[in-house]
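Q: Model the placement of chain V on the given structure of chain F, informed by the hints.
Here the protein sequences come in this chain order: F and V.
The opening position of the first sequence corresponds to residue 11 in the working numbering, with each subsequent residue numbered one higher.
The opening position of the second sequence corresponds to residue 11 in the working numbering, with each subsequent residue numbered one higher.
Don't read these hints as lab results, they were simulated from the structure.
Some clues are possibly wrong.
What the hints assert, rightly or not - Computed list of chain F residues with no C-beta within reach of chain V, every gap over 10 Å: (1) K63; (2) E221; (3) E306; (4) Y335.
Claimed, not checked - The calculated label-pair distances, taken between Cβ atoms and stated as ranges, are: (5) V:P124 / F:D134: 58 to 64 Å; (6) F:W317 / V:M11: 56 to 62 Å; (7) F:W317 / V:K15: 56 to 62 Å; (8) V:K261 / F:K15: 15 to 21 Å.
What the hints assert, rightly or not - Below, in silico cross-link-like pairs of lysine-lysine (DSSO-like), each with a Cα-Cα straight-line distance of 30 Å or less: (9) V:K171 / F:K93; (10) F:K15 / V:K261; (11) V:K388 / V:K331; (12) V:K171 / F:K80; (13) F:K171 / V:K283; (14) F:K383 / V:K79; (15) V:K120 / F:K120; (16) V:K93 / V:K35; (17) F:K200 / V:K200; (18) F:K15 / V:K171; (19) V:K401 / F:K15.
C-beta atoms are modelled at their ideal positions from N, C-alpha and C, and glycine is treated no differently.
Number of protein chains: 2
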Amino acid sequence: MKTDKMGEWRRTHYSSDVGPELDGKEVTVFGWVQEIRDLGGIRFLILQDKNGKVQITIHRDKADSKVLKKAESLQRQYSIGIKGVVRKMGKAPGGAEIIPNEMRIFGVAKQPLPLDITGRTRADIDVRLDARVLDLRREENQAIFRVQHAALEAARSFLSKQGFMEVFTPRIIVSATEGGSALFPVAYFKREAFLAQSPQLYKEQLILDFEKVFEIGPFFRAEESHTRRHLSEFISLDIEEAFATAEDVMKVLEELIHNVCKDVTGNCGRELKLLKHKIEVPKTPFKRFTYDEVLEELEEEKIHIPWGEDIPTPAFRLLGKLHPYYYFLTDWPTKAKAFYIKPRDDNPEISEGFDLMWRWVELSSGGTRIHSKDLLVKRLSEQGLSPESFKHHLQAFDYGMPPHAGWGLGLARLVMALTGIRNIRDVVLFPRDRFRLTP
Amino acid sequence: MKTDKMGEWRRTHYSSDVGPELDGKEVTVFGWVQEIRDLGGIRFLILQDKNGKVQITIHRDKADSKVLKKAESLQRQYSIGIKGVVRKMGKAPGGAEIIPNEMRIFGVAKQPLPLDITGRTRADIDVRLDARVLDLRREENQAIFRVQHAALEAARSFLSKQGFMEVFTPRIIVSATEGGSALFPVAYFKREAFLAQSPQLYKEQLILDFEKVFEIGPFFRAEESHTRRHLSEFISLDIEEAFATAEDVMKVLEELIHNVCKDVTGNCGRELKLLKHKIEVPKTPFKRFTYDEVLEELEEEKIHIPWGEDIPTPAFRLLGKLHPYYYFLTDWPTKAKAFYIKPRDDNPEISEGFDLMWRWVELSSGGTRIHSKDLLVKRLSEQGLSPESFKHHLQAFDYGMPPHAGWGLGLARLVMALTGIRNIRDVVLFPRDRFRLTP
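One chain only, chain F, in its complex shape (with noise of 0.2 Å):
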């Protein structure tokens, strides 16, 4: 089918601008064919674009014969074009209808689409994933990642305002960023080199010039992504601040998510509604247990950790009925930590590592450095890693490194938090190429 230029056309108004204060008006509106009704006399179109839906009535004695016959031709999910009149009518949604004059078809969409987007059922994860962008075509989805948007833009702000400076570090790095957890091999040149799985060492190291910095981007862990919080590519929001603490930085962070549900709150009204989510604003500061007294409460309820050990999903499952809303886990046994975790200086068996959780979801991790080299290096050994390979970062060491703490954010888990849904495939653009690569 031979579709129609756009020409001059240029939008005048979003469907959510179109309402009875219009009257008479004439307006010219894109978007994508949601709906057909036909009442015989009467053809309604539901346009939907970015920011709502609109409706668009035919009138089979009026219209003209152009516009009539193109609606005809029309089909679920076409992009058109639409100029037309406004006419006031409380019946249609935003109590505002459209009466077209001219009507342009830009995109055909091709029938029987894979999935129903108005359905109030919602199709498999499989069937949905690989139509993913019809499928993102559902407003409760692009809800999902306008609140993700309004939180980036409120935690950049406020950072920025703490005097936060955004930095990019390398993605494709010689050697393990963190040992500990898998690295994806990458072939570059004739080197072999890894993806970065954080940028933990290049954040510490640029804490020796600019202080404060922070980082949102994506990083990489090889781990094979089947649960329903783990991806193995994530967008992760990071933090290192110079002359500070892990207690300096757990307020830093507990601000952050108090501005951040502020924010959402005052600007995704619309979504939150979509998504059926309300959400409280945390008060500062926020509940602070320690790994011991975790482990007591979950001995309680007849779960036993050996001290040491990390906490299991299913105890963190648990902790999140007894702790419904955002709360620290802090006093983690050194050995659980990773080795740039500050042990205490009074018992080092403990270290200033801490967690933030939501629930039982883990949003963040962070803690105190440690800014001593001979330490640094010590720790290395203990856990089995090679100062050699960490030389280029033990030489930022010799340039007056100044204690400094920080902490990693999972935007998806944040973006999990703000909107109440369970499963983390729903808040990323593009899962499938996560999971697994191809649809």
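A: Here is chain V on its own, set in the frame of chain F:
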């Protein structure tokens, strides 16, 4: 040497806050020892922090003995904390100095340092990159990245106000995003994959849902990066817009550049002074030259380029002399552009692709995209690419693909334009990791 703990000490003021108006007030400042000058009876320290420098003055006869002892042990680039009293002092930088009551040494610096960051003569690039985090402590280097931060803030706030939504597209992909330039192979579990060289195909798909999207983040190009303009890992600023043409997104681009220049000029006065660079905020619309006009200009300069071929660097350098500011190059030959750039309807030999130039540097490249599936398949074949390997992208054209356009902008090149820095390695935090992997 044993260092001191930070304990309860926290910074009360940055160096830039210390002025005559604080005369007599006690302050706590943190930073690095940039200079030590000994005048017998008096020892001057210049303390540097992220916001500037402040003078610490120690009078041998009056100073506390502990402070005196510590001051004797100081070396350049040690990180220290000072509790002291501000004293008005016309000769001191900022019109005030600090008389210390207490001093703490947080981190030592190995002497001799590989480079003198206060010296007028800059060290050789290799020496600088071997000790990059020390090199970055030079105020001029810090200024570059604060300009970048201000530019990013200006760009994001402009795009958000224009209704663009921030997105994150996959970096690990199955097949070439654009064909053409080389890709880095990644071992994705048991499969071969590649690093994305741009968000091109994904951002085009996402306009089906969000209409106006932008992304700022790292992308990868396996080109030996030995020129002064290319990076194998680079930060790209991309936008894509539905129901828009090249001319529409060129307006977005020139407005963005205008706003970035305005905000950077307004917010980075100190930084631009340090860099001895003056930004002339460009008026919009920018000059537009067609490919044919440029070929004629070059012909007059005795440089002959056969019609249809790309413009080589020496020719661009000459154009930069003829047009010493921001300008667009339009009407590129279709065969010189990527497969997704739309040929003109009236003359398919010429495309709706454009470049934004700053002098001789190509800052950005974009155009109207092909939105007809049939034409796209035809163009893929013409460029020797297999439509089969693009089938997941082509699938999106079955969901009502509207006319759309967009562009990609290289952040490092923009920062070169904003700072007047001529070597791209100076505007990247860790260029060594891009040019060669290890120092």
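Q: With reference to the structure, classify each hint as holding or not holding.
A: Consistency of the hints with the structure:
Once the 10 Å rule is applied to beta carbons, K63 (chain F) is consistent with being away from chain V; the minimum gap is 14 Å. Not every beta carbon of chain V lies more than 10 Å from that of E221 (chain F), the smallest distance being close to 4 Å; the non-interface claim is violated. Distance to chain V confirms E306 (chain F) as a non-interface residue, since its nearest Cβ pair spans about 30 Å, more than 10 Å. Non-interface status of Y335 (chain F) relative to chain V is upheld: no Cβ of that chain comes within 10 Å, the nearest being about 27 Å off.
Take P124 (chain V) and D134 (chain F): their Cβ atoms lie about 60 Å apart, and the range 58 to 64 Å holds. The supplied range of 56 to 62 Å is broken by W317 (chain F) and M11 (chain V), whose beta-carbon atoms lie about 36 Å from each other. With their beta carbons about 27 Å apart, W317 (chain F) and K15 (chain V) fall outside the hinted range of 56 to 62 Å. Between K261 (chain V) and K15 (chain F) the beta carbons are some 19 Å apart, a value that agrees with the proposed interval 15 to 21 Å.
A C-alpha spacing of about 26 Å is found between K171 (chain V) and K93 (chain F), which places the hinted pair at or below 30 Å, so the restraint holds. The hinted pair formed by K15 (chain F) and K261 (chain V) meets the criterion: a straight-line CA distance of about 20 Å does not exceed 30 Å. Under the criterion of a C-alpha separation no larger than 30 Å, the hint pairing K388 (chain V) with K331 (chain V) is inconsistent with the structure, at around 39 Å. Between K171 (chain V) and K80 (chain F) the CA atoms are separated by roughly 35 Å; this puts the pair beyond 30 Å, and the hint is violated.
The straight-line distance between the Cα atoms of K171 (chain F) and K283 (chain V) is roughly 23 Å, inside the 30 Å bound, and the hint therefore holds. At roughly 24 Å between alpha-carbon atoms, K383 (chain F) and K79 (chain V) fall within 30 Å of each other, so this suggested pair holds. The suggested pairing of K120 (chain V) with K120 (chain F) is violated, with an alpha-carbon distance near 68 Å, which exceeds 30 Å. About 11 Å separates the Cα atoms of K93 (chain V) and K35 (chain V), which keeps this hinted pair within 30 Å; it holds.
Our distance criterion of 30 Å between C-alpha atoms is met by K200 (chain F) and K200 (chain V), whose separation comes to about 21 Å. Between K15 (chain F) and K171 (chain V), the direct Cα distance comes to roughly 28 Å. Compliance with the 30 Å bound is thereby established for this hinted pair. Taking the CA atoms of K401 (chain V) and K15 (chain F), the gap is near 25 Å; set against the 30 Å cutoff, the hint holds.
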